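Residue numbers for the sequence shown follow UniProt numbering, beginning at 1 and rising by one.
Here are the simulated SDA-like pairs of lysine to any residue, each with C-alpha atoms no more than 20 Å apart in a straight line:
1. K8 x K84
2. K84 x L21
3. K84 x N12
4. K84 x R68
5. K51 x Q41
6. K8 x L19
7. K3 x S64
8. K23 x V93
9. K84 x L54
10. K8 x Q91
Pairwise CB distance ranges (calculated):
11. L52 x S77: 18 to 26 Å
12. Q50 x K23: 13 to 21 Å
13. D24 x G53: 18 to 26 Å
14. N2 x Q50: 25 to 33 Å
15. S60 x Q27: 18 to 26 Å
16. S57 x E95: 30 to 38 Å
17. Q50 x L98: 32 to 40 Å
18. T58 x L98: 31 to 39 Å
19. L98 x Q56: 31 to 39 Å
20. L101 x W80: 31 to 39 Å
21. A88 x E61: 22 to 30 Å
Source of the hints: derived by calculation from the structure; they are not laboratory data. Every value quoted in this text rests on a predicted model; they were computed, and no experiment measured them. Here a beta-carbon is modelled for each residue, glycine too, at the ideal position from N, C-alpha and C.
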Amino acid sequence: MNKVEIFKALSNKTRLQILSLLKDPEQYFPAQQEGVQANNQGVCVGHIQQKLGLSQSTVSEYLSLLQRAGLIVATRSGQWTYYKRDEAAIQRVAESILNDL
Numbered sequence: 001m002n003k004v005e006i007f008k009a010l011s012n013k014t015r016l017q018i019l020s021l022l023k024d025p026e027q028y029f030p031a032q033q034e035g036v037q038a039n040n041q042g043v044c045v046g047h048i049q050q051k052l053g054l055s056q057s058t059v060s061e062y063l064s065l066l067q068r069a070g071l072i073v074a075t076r077s078g079q080w081t082y083y084k085r086d087e088a089a090i091q092r093v094a095e096s097i098l099n100d101l
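Turn these sequences into a full structure, and let the hints guide you.
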């Protein structure tokens, strides 16, 4: 676990918002294309972009940073990429903060 990368990823309010939205995808992204349920594979980057009102390149960069920090995982399905939180990793971060800081 690279704490510097994690804290860097968490230091931006939009990236925090992405993590918050992905915590309850059924509430924030109820209908997705091709019958993929938000709680199964994750949320398509296009839906995240629409929800945030930012360019796709900005959202993709934010998602990439969160993924490099190990806070989210990506699943590729055809031309689509779906993102979801890595709950186990987030739990490890929380425990590390409690124990080490």
